[in-house]
Amino acid sequence: MKEIRWHGRGGQGAKTVSQILAQINLREGKHVQSFPEYGPERSGAPVRAYNRISGEEILIHSGVYRPDIVVVIDETLLEAENATEGLKPDGVLIVNTSRSAEEIREVTGFPGKIIALDATKIAQEAGTGFPNVPMLGAVAAVLGTDPKVAEEELRETLSHRLPPEVVEKNLVAFRAGYETAKGVYVGS
Amino acid sequence: MKKVMTGHKAVAEAMRQIEPDVVAVYPITPQSEIAEYYAQYVHDGLVRTELVPVESEHSAMSACVGAAAAGARVMTATASQGLALMVEVLYIAAGLRLPIVMALANRALSAPINIHCDHSDAYLARDCGAIQIFAESAQEAYDYMLMAQRVAEHKEVRLPVIVNLDGFTLTHSSQVVETLPDEEAKGFVGEYEPLYPLLDVDHPTTWGPFAMPDYYFELKRSQEAGMEAAPGVFLRVQEEYSRLCGRNYRGFFEAYRLEDAERVIVVMGSTAGTAKVVVDELRARGEKVGLLKVWLWRPFPREEITEALAGAKAVAVMDRALSHGNLGALYLDVAAGFSGREGPVLVNYIYGLGGRDIPAEHIAQVFAGLKEARPGERRFLGLRE
Chain R
30 MKEIRWHGRG GQGAKTVSQI LAQINLREGK HVQSFPEYGP ERSGAPVRAY NRISGEEILI
90 HSGVYRPDIV VVIDETLLEA ENATEGLKPD GVLIVNTSRS AEEIREVTGF PGKIIALDAT
150 KIAQEAGTGF PNVPMLGAVA AVLGTDPKVA EEELRETLSH RLPPEVVEKN LVAFRAGYET
210 AKGVYVGS
Chain D
25 MKKVMTGHKA VAEAMRQIEP DVVAVYPITP QSEIAEYYAQ YVHDGLVRTE LVPVESEHSA
85 MSACVGAAAA GARVMTATAS QGLALMVEVL YIAAGLRLPI VMALANRALS APINIHCDHS
145 DAYLARDCGA IQIFAESAQE AYDYMLMAQR VAEHKEVRLP VIVNLDGFTL THSSQVVETL
205 PDEEAKGFVG EYEPLYPLLD VDHPTTWGPF AMPDYYFELK RSQEAGMEAA PGVFLRVQEE
265 YSRLCGRNYR GFFEAYRLED AERVIVVMGS TAGTAKVVVD ELRARGEKVG LLKVWLWRPF
325 PREEITEALA GAKAVAVMDR ALSHGNLGAL YLDVAAGFSG REGPVLVNYI YGLGGRDIPA
385 EHIAQVFAGL KEARPGERRF LGLRE
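Chains R and D, in that order, are what the protein sequence lines are. When you read off a place in the first sequence, starting at 1, and then add 29, the result is the number in this note's numbering. When you read off a place in the second sequence, starting at 1, and then add 24, the result is the number in this note's numbering.
No lab work stands behind these hints: they were computed from the structure. There's no promise every hint is true.
[What the hints assert, rightly or not] If you want the ones that stay clear, here's a sample from chain D, every Cβ over 12 Å from chain R, calculated:
| # | residue |
| --- | --- |
| 1 | V76 |
| 2 | Y216 |
| 3 | Y239 |
| 4 | F241 |
| 5 | S266 |
| 6 | E331 |
[Claimed, not checked] Label-pair distances were calculated between CB atoms; the ranges are:
| # | chain 1 | residue 1 | chain 2 | residue 2 | range |
| --- | --- | --- | --- | --- | --- |
| 7 | D | E366 | R | E185 | 55 to 63 Å |
| 8 | R | K150 | D | R274 | 38 to 46 Å |
| 9 | D | E60 | R | S129 | 42 to 50 Å |
| 10 | D | P136 | R | S83 | 32 to 40 Å |
| 11 | R | Q153 | D | R72 | 42 to 50 Å |
| 12 | D | G256 | R | R95 | 39 to 47 Å |
Small disclaimer: the values here were computed from a predicted structure and weren't measured. Glycine residues also receive a C-beta, built at the ideal position from the N, C-alpha and C atoms.
Same shape as in the complex, but just chain R (with noise of 0.2 Å):
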């Protein structure tokens, strides 16, 4: 079983894309939890959500304390959050910054995998602004998800929300997202 913290922000989107990540490997045949931590909600305070996925049927229903991976959509949280607690020493630590996985090491001196991307200038670039999507398609790369499968699942859940024209720039930015990741992730 993979747990993942998400750390965002209110309004960045951390719950909705941690419910997508859920449909996408239910669509990969696996068994999976969303869930988002709630305190007082409002716009711009930081924000937990949580998955779990697992080829078996999934019984728990505690809080995640020891995650497999780390997302960080907003890296203001690195401190402000103390976004690596409980993180395995194993694990993963995706953020979105503009800065390098060295110096991202060394603000949280976390001894795992770093991937840093720019989820924010790919979200600018692929027309969206919302950073959340480039760092799902992270994930995905990650978890190895098969993204004609991922891309499948946010077209369809994307279409009821939003246009098509937005809908295809979200996939594009899902893709750079997964493409930097992959990138990253396999070469280190």
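For this one, chain R is given, so just place chain D on it according to the hints.
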């Protein structure tokens, strides 16, 4: 079909398939989304339900009582303080033998104010005369909403049914839920045949009469006949539903690796899932531990639970609510079964109040704690002393 959905979506889906005549509901965290989804279904024309957006939960249950007495199939949902406000009228719904089915998104009662899960709201309604069922997962919440309808409306039962699902842990967590095709769900639930509906003006009836000391006692005793019929009906409905859905709902409780278990946990709701993981881990190390997860809490299946636990050495009964000034209510339910007979050492654990998380390590502590247990001891799990 299997989909990722939250517990409240699973409940709303069951309600959409049941398509009651009337839903009277007032939003409260963590139930609000059930009301929101259902309002959307009504707006989108997916159901022909009369949605009554009332001004309080007291009014919600009052509208439910009126509509049910009129002859309608009626549902609602609430949580915590909302249930507290409903309880006055919920006693009336049970006393009038009205088969109102409701989801209860379990949440702690104030004070202090808190939005997260415990079972104090369900415990508040313990003696109101409603049947109470607890779900472990969003899947079970969906399944029991459909089954509850059949139990409530059975002519020998005719009582309100509360389907409990843990607030946030189940309501706001997305999980894999397999729903029945609409026609199968509708076929299972069937058509509602009201008894003595008020709107049948050719056959006028009296509802809610005054009963003085000469009759009140007899009427309350006759109400208990519904509770007495409920277990048998519950089992028959479970059997039929299990065959339909392919999942195994057979019994008042789920016995998980219980046969030769020496140390056992008794628990209700989502914590049972986490406990199963711990049971498997300890079993792999050769420890004889097991779990009894209560599905049907009211009426309480005392004889069956007593038999299931009789072979154990020590049992931890876990209450997710504090019955101030006494041991937990579930503990006392279980202990009553061993009155006057030999049985395991019973210990009471109070846990998870106000949404305090219950990680697997805490469940493991309970099993370890059962190695040295004094009968009737009350312990607090996960509490900072």
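Fill in: Non-conforming hints, listed in increasing numerical order
8
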